[in-house]
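Which chain is which? The protein sequence lines are B and C, in order.
In terms of the working numbering, the first sequence is residues 48 to 376.
In terms of the working numbering, the second sequence is residues 146 to 474.
Hints listed in this document are in silico derivations from the structure and should not be mistaken for laboratory results.
All C-beta atoms in this analysis are idealised placements derived from N, C-alpha and C, irrespective of residue type, glycine included.
Any given hint could turn out to be false.
[Unchecked claim] Cβ pair distances, simulated, as ranges: (1) B:Asp-310 with C:Glu-456: 28 to 34 Å; (2) B:Pro-109 with C:Phe-162: 43 to 49 Å; (3) B:Lys-169 with C:Asn-293: 57 to 63 Å; (4) B:Tyr-343 with C:Ile-422: 38 to 44 Å.
[To be verified] Reference listing, derived: stretches of chain B covered by chain C, where coverage requires no fewer than 3 residues with Cβ under 8 Å from a Cβ of chain C: (5) 200-208; (6) 228-237; (7) 250-256; (8) 280-291.
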Amino acid sequence: MEPILELQNLEVKFYTLDGVVHAVNGVSYYVEAGKTLGIVGESGCGKSVSVLSVMGLIPDPPGKITRGKILFQGKNLLEYDDAQMESIRGAEIGMVFQDPMTSLNPVLTIGKQISEAMVVHKGVSQEEARQRAIEFLVMVGIPNPVERFNDYPHQFSGGMRQRAMIAMALSCSPDILIADEPTTSLDVTIQAQIIDLTKSLRDQLNMAVIWITHDLAVIADLADTVVVMYAGYIVEEADVYRLYENPLHPYTVSLLKSLPRMDSSRGNERLATIPGFPPTGTIVFPGCPFAPRCRYTMERCTMENPQLEYFEADHKVACWFDLENRRAR
Amino acid sequence: MNNRRTLVEVRRLKKYFPIQQGIIIQREVGAVKAVDDVSLEIHFGETLGLVGESGCGKTTTGRTILQLYPPTSGQVLFDGMDLTKMKGTDLRKLRKRMQMIFQDPYASLNPRWTISRIIAEPLVVHRINQGGKKSEKVEELLELVHLNSTYMNRYPHEFSGGQRQRIGIARALASEPEFIICDEPISALDVSIQAQIVNLLEDLQDRFGLTYLFIAHDLSMVRHICSRVAVMYLGKIVEMAKRDELYDHPLHPYSQALLSAVPLPNPRATRSRKRIILSGDVPSPINPPPGCRFHPRCPIAVPQCKQEIPEWHEAAPQHWVACHRVSRV
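Same shape as in the complex, but just chain B (with noise of 0.2 Å):
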């Protein structure tokens, strides 16, 4: 199947005072129409960069597009100029942002905000846009939708403002919904309501959906496809059945293995820890970048950075530790 977007050999640096900041090094991925694509990364891992660079949202100065294209239906929005770009933002490409508290305008009605999208893009009228943002909230489960029409953003609890943003992303009918930890600051009722409305939103209307994360058991729920980034590189990308069964990247591994497991008790077992601190981007490392972190660091490590290499079918990681080894492990 055809991508609907596919980022190639991405790189994104952000020019301040403190030094240039690699956020993203070369990044490639892509995700297919009624599919979904997870990115699991820790702050600061260039996970949200990448995506705002699909968007673009990158502030420019201080931040730049240094390489790579991103095609969006086989077209490369980097050669867009604003004009065009305004055309796709939220109507073809939509995105939800990690805290609805301070991603929605408060002077505005969450009526207003999600039709004004549609008046915008589809060019309908006010009232059609209307009952169409109606039938929206009463998608994503909002009670009572024509009187919540007319409210403001503070009378609206934190799911049910998430869920208006969804409505939101959603009103123009995009081919691909970007979001960007939604979940993160809901609680887990909440978080599984969102979770299971995507799902299905995504399979009827056969949209293709990116979902940031550092959460990796909401990743292990939704996504088709993981991609696991660290310091601006991917380090790993697997079909996520195979990610969770045979993690390869040390980092996954550690990662995976630190967190507590609700399925089963393990006594008093201690958590598996990662030593040391995500890197800052201003460093650029000869080596990989996980190395300083790393159990299995070998000379070659800090010397080369490994590139993104086939394992097996649908499973890619950058690693110089030998995989015969880890196969054996």
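With the hints as your guide, set chain C onto chain B.
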């Protein structure tokens, strides 16, 4: 385990925040019933987990136990002494024995103070280690939380989230307390750092015989760290049991829904699991539903639930629950 000594006993604790109206003549028009009739016991050396959705009153419960909020009614017995009847010097003397670790490591450290001043503050307040030994004590505390003692004269902004949380822990340990309330100490941290902090808390507990009240919404971490768990909903505790008992055999429909909503870091397990999705949001604590507070969202509610407040009873040995639909032993 049953006849262990109780360190903290909370009896029918209530905390109502008044809602006032009027500019010059203020009238009380209602109250936010944040904590409504909560009773619990915390034994020496154990970790009691307090879980629930945001806004259910778990943080207020913690703060009211420490008398940071004066309780509306009820008793808090700390080592046999009733904190609610104490004032001034007597209370301050006891405060030395109980401390708190806060959720947000960015907001809970004064940005204009050096690390040594922050950590030494409890020593000044409680007049411990007076004289020239303060810096030695601070060094010792920094070592306890695995921070380099040369950081003493730095400011909070120079540290990462995980390091700041360690500083918060060092400050809590300064007065050599017996009881520490950990109010979501890891929810603001990256996944790989969470495990480090949790292991540190466990080590300190073993070393000093600390007793923790661990407030959290991350149910997987609670299963890892706690020995008993209490589930809170809208100002009331609905279920309390030993950890494995609660996770393997939850009795209250709310606990069942809450546990089923937690995603597992295993694609097969998490997708094959049956989830109980609760509809709607938590109702307002200003005007909570009559009878059982959970009845509007409860999948198994009967007419009785609307009228009568369910009794707190022992449904299985050491397994307490407040629900009409759960029979007694």
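For each hint, the structure was consulted:
no.: 1; hint: B:Asp-310 with C:Glu-456: 28 to 34 Å; in the structure: holds (32 Å)
no.: 2; hint: B:Pro-109 with C:Phe-162: 43 to 49 Å; in the structure: holds (44 Å)
no.: 3; hint: B:Lys-169 with C:Asn-293: 57 to 63 Å; in the structure: holds (59 Å)
no.: 4; hint: B:Tyr-343 with C:Ile-422: 38 to 44 Å; in the structure: holds (42 Å)
no.: 5; hint: 200-208; in the structure: holds (count 4)
no.: 6; hint: 228-237; in the structure: holds (count 4)
no.: 7; hint: 250-256; in the structure: violated (count 0)
no.: 8; hint: 280-291; in the structure: holds (count 3)
Violation of the numbered hints given earlier is confined to hint 7; every other hint is satisfied by the structure.
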